[in-house]
Amino acid sequence: MENETTTGSETADLSRLRRELTRGTAEMAVLSVLSSSRRYGYELLKLLRGTGLKMLEIKEGTLYPLLHRLETAGLVVPTWEAEGRIRPRKYYEITDQGRRRLLLLLRAEWDGLVEAMKELRAMLDEVRK
Amino acid sequence: MRDDEQIIEDYARVFERHLVGPAKDKERRTQELVGHLSDAAQDGELAGTLKRLGPPESAAATFAKKPTPDYAPLGRRITAILIDHLPLIGVSVAMLVQSIQRGHDYYFALPPRLSFDQGDGLLHFVGVPLAIVWSIVVLGIMEGVRGTTPGKMLMKLRVVTESGTKIHVGDGIFRRVCLLLGPFAWIDWLPIAFNERRRILEHLTHTVVIDADGSRQQAAPSLKRRD
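Chains L and A supply the protein sequences, listed in that same order. Quick note: the first sequence uses the numbering used here, first residue 1, plus one each step. Quick note: the second sequence uses the numbering used here, first residue 130, plus one each step.
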């Protein structure tokens with residue numbers, strides 16, 4: 001019973017950690033996916049949930065507010081297209097400003113963060129030895 | 130599939146009721162939701178998607194345009210208040226005139242002090258409570274039902290939740306209860322003096338006054354090309 005409680009607590013902790021990581025990386029993930037091609041919301045969500053980010057808990061409640069925020073900031077631009085469908089579909093396309101932001105996020109911030117974490121782990125390994 | 134369509138239609142109908150803003154904007158947001166749910170239904174994922182979205186009210190918060198905290202210009206807000214509270218202002222002025230006519234000490238308080246003492250005169254006993262009922266209850270219900278009041282409508286302002294959806298009637302009323310404090314009601318506006326754009330009760334009710342005109346301008350450009 002105690003073990004089950006501990007496991008439940010660890011799962012909740014992991015889930016919280018994933019939510020925090022998602023919050024921090026969702027913008028970069030969305031802009032990265034959109035940098036290859038324009039996408040509509042459901043397609044974007046499926047891609048994000050189905051790839052390496054499956055472990056990150058990205059949901060509609062994260063994705064759409066983020067898309068609308070990026071839209072307001074001019075980092076993505078929406079277009080409505082019917083393409084023979086009954087209902088038009090809203091596509092999101094990255095703008096030049098969005099690409100610049102992605103480069104800044106990816107190259108400067110993310111790569112820097114990954115490097116810093118690697119250095120920290122290496123340093124801790126050294127200390128342990 | 131027919132069942133799925135019905136589920137989506139029912140869900141979208143309730144969803145749209147929680148949105149505020151111009152009809153075209155609400156229609157586009159509903160279309161985006163319906164598109165998302167239809168794609169999920171085609172994938173056999175409708176139930177899971179609806180579970181993640183939660184009730185239509187939560188979905189409305191997900192798809193609504195988030196308001197910018199400093200959205201509503203202060204000048205227009207004050208003008209809207211003056212229009213909305215005309216009965217209160219009228220009663221206050223009438224009480225001032227009455228006190229002058231009767232040769233009493235000048236008495237002016239805005240908003241006036243609420244009193245149920247008949248000795249204070251008919252204006253105080255009937256006029257003030259009626260004006261306060263208008264300012265708190267009637268305007269609060271209007272904000273909950275229509276998202277705006279006559280003054281705000283004229284000034285092209287709207288009240289929304291922090292998520293950008295329609296506010297509840299209860300919150301519409303509660304965000305106005307400071308008027309019961311009479312002239313001390315202005316305490317509620319103290320944050321504005323410190324360059325904040327929301328009153329204390331607006332913080333407590335998680336509501337925001339936004340520029341309805343501005344939201345139309347921001348939401349429309351990218352859509353216009355397809356309209």
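Honestly, the hints are just simulated from the structure, not real lab data. Certain hints may be false.
[What the hints assert, rightly or not] Listed next, the in silico SDA-like pairs over lysine to any residue satisfying Cα-Cα at most 25 Å (straight line): (1) L:Lys-118 / L:Leu-106; (2) A:Lys-195 / L:Val-33; (3) A:Lys-195 / L:Arg-38; (4) A:Lys-195 / L:Arg-101; (5) A:Lys-155 / A:Leu-283.
Here's how the hints hold up against the structure:
1. Proximity of Lys-118 (chain L) to Leu-106 (chain L) is assessed by CA-CA distance (about 16 Å); at most 25 Å being required, the pair is judged to hold.
2. Between Lys-195 (chain A) and Val-33 (chain L), the direct Cα distance comes to roughly 23 Å. Compliance with the 25 Å bound is thereby established for this hinted pair.
3. The suggested pairing of Lys-195 (chain A) with Arg-38 (chain L) holds, with an alpha-carbon distance near 23 Å, which does not exceed 25 Å.
4. Proximity of Lys-195 (chain A) to Arg-101 (chain L) is assessed by CA-CA distance (about 21 Å); at most 25 Å being required, the pair is judged to hold.
5. This hinted pair checks out: Lys-155 (chain A) and Leu-283 (chain A) have alpha carbons roughly 21 Å apart, not beyond 25 Å.
In summary, this structure violates none of the numbered hints.
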